[in-house]
Amino acid sequence: MIFIVCGVSGTGKSTIGKLLADKLKLPFFDGDDFHPQSNVKKMKDGIALNDNDRQPWLELLATELALWGANRGAVLACSALKESYRKILSSKYKEEIYWVILHGSRELLIDRLDSRTGHFFNSALLNSQLATLELPDYGWKIDIQPSPDEIINTISERLHVNEKIDQ
Numbered sequence: 309m310i311f312i313v314c315g316v317s318g319t320g321k322s323t324i325g326k327l328l329a330d331k332l333k334l335p336f337f338d339g340d341d342f343h344p345q346s347n348v349k350k351m352k353d354g355i356a357l358n359d360n361d362r363q364p365w366l367e368l369l370a371t372e373l374a375l376w377g378a379n380r381g382a383v384l385a386c387s388a389l390k391e392s393y394r395k396i397l398s399s400k401y402k403e404e405i406y407w408v409i410l411h412g413s414r415e416l417l418i419d420r421l422d423s424r425t426g427h428f429f430n431s432a433l434l435n436s437q438l439a440t441l442e443l444p445d446y447g448w449k450i451d452i453q454p455s456p457d458e459i460i461n462t463i464s465e466r467l468h469v470n471e472k473i474d475q
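First residue of the sequence shown? That's 309 in the numbering used here, and the numbers climb one at a time after it.
In short, the hints are calculated from the structure, not lab data. All clues given are correct.
With a straight-line Cα cutoff of 20 Å, these simulated DMTMM-like cross-link-like pairs (lysine to aspartate or glutamate) come out:
hint : residue 1 : residue 2
1    : Lys400    : Asp338
2    : Lys390    : Asp359
3    : Lys449    : Glu415
4    : Lys449    : Glu391
5    : Lys395    : Asp359
6    : Lys331    : Glu458
7    : Lys326    : Asp451
8    : Lys352    : Asp422
9    : Lys449    : Glu465
10   : Lys390    : Asp338
11   : Lys326    : Glu458
12   : Lys402    : Glu367
13   : Lys390    : Asp361
Quantities reported herein were computed from a predicted structural model and do not represent experimental measurements.
Generate the whole structure from the sequences, applying the supplied hints.
Written out as structure tokens, the structure is:
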């Protein structure tokens, strides 16, 4: 079982992903940890990544997702802003992927980004991410205004509904 928690920076992908992984007893991985140093440097310098920067990173994550899925599954936090990125991510894992798409107001995202410490993402890049974001017509779109526990409860409820439908 693979879950990808996605959205722009500041939506709480890592927080929600870790909580979800704990609840489901699955390993958690943060897509940011797989970026090459050149991508990290660009983002620290306030330079938006382009598709060429992202391509090898996305392909690496697709390979990892297939490996994790062949094992017992995982939860991945990854921006996955464009449909083309999501296609690459799902290209090597042929089972269903549960997409959790986190979203919120620009003001809330800026507040969160500006209050973060120890993260390489420059909040000036948020506008670039919001402009790049292509919301899919699939997956679970979840507002980030509620608390992390409330968000996890919402995901759990949706997962249980899907499990009942599949039986």
